[in-house]
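Student: Between the sequences and the hints, there should be enough to build the whole structure, so can you do that?
The sequence shown begins at -11 in my numbering and counts up by one.
Any given hint might turn out to be false.
Said to hold, decoys possible - Computed list of lysine-lysine pairs in DSBU-like fashion (alpha-carbon distance at most 30 Å, straight line): (1) K126 x K95; (2) K126 x K23; (3) K32 x K205.
To be verified - FRET-style restraints, in silico, Cβ to Cβ: (4) D252 x T80: 24 to 34 Å; (5) G148 x P20: 27 to 37 Å; (6) P299 x S33: 27 to 37 Å.
Keep in mind the hints are simulated off the structure, nothing from the lab. Beta carbons are placed, not taken as given, at the ideal position from N, Cα and C, and that holds for glycine.
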Amino acid sequence: MDQMETPLPTGTLARWLSGPRIAALPNPQDMPAPKLSFEFFPPKSESMEKQLWECIRRLEPLGPRFVSVTYGAGGTTRSRTHSTVARIVSETSLTPAAHLTTVGATKEEVLEVAREYWQAGVRHIVALRGDPPAGVGKYEPHPGGYAQAEDLVRGLREIGDFEISVGAYPETHPEALSPEADLDFLKRKIDAGATRAITQYFFDAEVYLRFIERCAKAGITVPIVPGILPVTNYQQVVKFSAMCGASVPGWMGHLFEGIDDDLDTRRMVAAVAAAEQVRLLQANGVDEFHIYTLNRADLAYAIAHILGARPKGAAGA
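Tutor: Okay, structure coming up:
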């Protein structure tokens, strides 16, 4: 008697069986923990200072390569940035990188700030052109000041042997004439003496991977470190991204749909989205990340943990 043929599955099971098979991301244990750095902003009040230092203390045991402290638009937080950096030097084991911009100061005033940092033991500067002050629509170089970040990089090289990081824009700076012109600006900053570039945040891994391919073709050989922004306030990120030229993909809006008033769920969604982003980049060979903490330790610490970072001295670290 002929053997009965096994009937082919139909319906849902058939659809599942005929669909594409997606290979899993590599096991985290199969990859070394990446190099990490964190970014903070200087506090504007006593309560914000408390939150900042709670964040610093929480992340310090992870032993990041460096931590950067931002500079407000138009240089508005210059003194607070310097105070925060000086305290990091004196009270922690961390290596600080101070943001320095060209806005609102002469060359000599900018270099004097750099000299103060050098004297305080700071050897890493994040050199940026900077944003114009609030209410000023277009950037204009200060009379007697540096015109662009590449000029600032050259000036810093006259002060000391700083490690110098500069900004990079995977989706093109909003004021650039073209992607090619923007890439040329980056190349000139590197040629002027910058040792690393840190990117504006992005959300699709392919955006960064295409960008570093373009950088390589342009002859840029320094590390291009991806900037990672954990998102908890979707609407705020959409608004800010429209100003800085970063795209917000539709899938992110879908993730945060309907949870505007549910902070706990937003934080969990933020952790999942950022973890997926960094794991995909790590699987593509990226071994260094710069995390924009927004002075909140929880998400930054969770991302670092997922990537394999552990407190120094802990078992397996």
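Student: All hints, please: hold or fail.
Tutor: Do the hints match the structure? See the list:
Simply put, K126 and K95 have alpha-carbon atoms about 20 Å apart, close enough for the 30 Å limit, and the pair holds. Proximity of K126 to K23 is assessed by CA-CA distance (about 36 Å); at most 30 Å being required, the pair is judged violated. Note on K32 and K205: the hinted pairing is violated, with a Cα-Cα distance of about 42 Å set against a maximum of 30 Å. Separation of D252 from T80 is about 30 Å and conforms to the stated range, judged on CB atoms against 24 to 34 Å.
At roughly 32 Å, the beta carbons of G148 and P20 sit within the given window of 27 to 37 Å. Restraint check, P299 to S33: a C-beta distance of roughly 29 Å satisfies the suggested window 27 to 37 Å.
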